[in-house]
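Visitor: Sequence:
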Amino acid sequence: MRTGPSSDDAHDVVYFRRHHDDDPAQQAPGRDFLNSCPTKVRATMRAVLLAVAAAPPKRFAGGGYWEAMKGDMTGWFEVRVDGPSRHHYRLYCLLDYDATNPGMDKPLLVVIAGLDKPFRTELSLADYAGVRALGAEYVSRAPRSIC
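One rule links them: number in my numbering = place in the sequence shown (from 1) + 197.
If you are wondering where the hints come from, they were derived from the structure by calculation, not from laboratory data. Please read these numbers as outputs of a predicted model, since none were measured by experiment. Accuracy of the hints is not assured; some may be wrong.
[Said to hold, decoys possible] With a straight-line Cα cutoff of 35 Å, these simulated DSBU-like cross-link-like pairs (lysine-lysine) come out:
#  : residue 1 : residue 2
1  : LYS237    : LYS255
2  : LYS237    : LYS267
3  : LYS314    : LYS303
4  : LYS303    : LYS237
5  : LYS267    : LYS303
6  : LYS267    : LYS314
7  : LYS314    : LYS237
8  : LYS255    : LYS303
9  : LYS255    : LYS314
10 : LYS255    : LYS267
I would like the entire structure built from these sequences, with the hints used as guidance.
Guide: Shown next, in the form of structure tokens:
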């Protein structure tokens, strides 16, 4: 007997929205980042998110677009797309099987944040720490703060 969403289910794509108590503007960092990306990058990222969610994520053959992260980012997933001049764009996502939001019956693929970097550069430890902090803020709320 099932008691909740399963990793075998198709997922709903949602965006983390910061809670009013943490950010009075209630920004959605991942969605805001995605909307600021070049058109082709934005379209590719949205297509990847939809394909991963439908697959579901553990069955998606990422082709380099959907990658499980390692080290301090274990448990996170990254949508990776290169833009003009090989500029790198990244969306950082969590899979949520514990959300208790009313009306949500599927597991969630949650877009938490996005970052970009020039070709042949690395993001800093502080960049990743910022993403993890937003993820911690997301999982600290029940129901989840999403849009």
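Visitor: All hints are to be evaluated individually against the structure, with a verdict given for each.
Guide: Against the structure, the hints come out as follows:
1. LYS237 - LYS255: holds, 26 Å
2. LYS237 - LYS267: Cα-Cα ~27 Å, so holds.
3. LYS314 - LYS303: holds, 33 Å
4. LYS303 - LYS237: holds, 29 Å
5. LYS267 - LYS303: holds, 26 Å
6. LYS267 - LYS314: holds, 19 Å
7. LYS314 - LYS237: holds, 17 Å
8. LYS255 - LYS303: Judged against 35 Å, a Cα distance of about 15 Å means the pair holds.
9. LYS255 - LYS314: OK: LYS255 and LYS314 at ~27 Å, within 35 Å.
10. LYS255 - LYS267: holds, 16 Å
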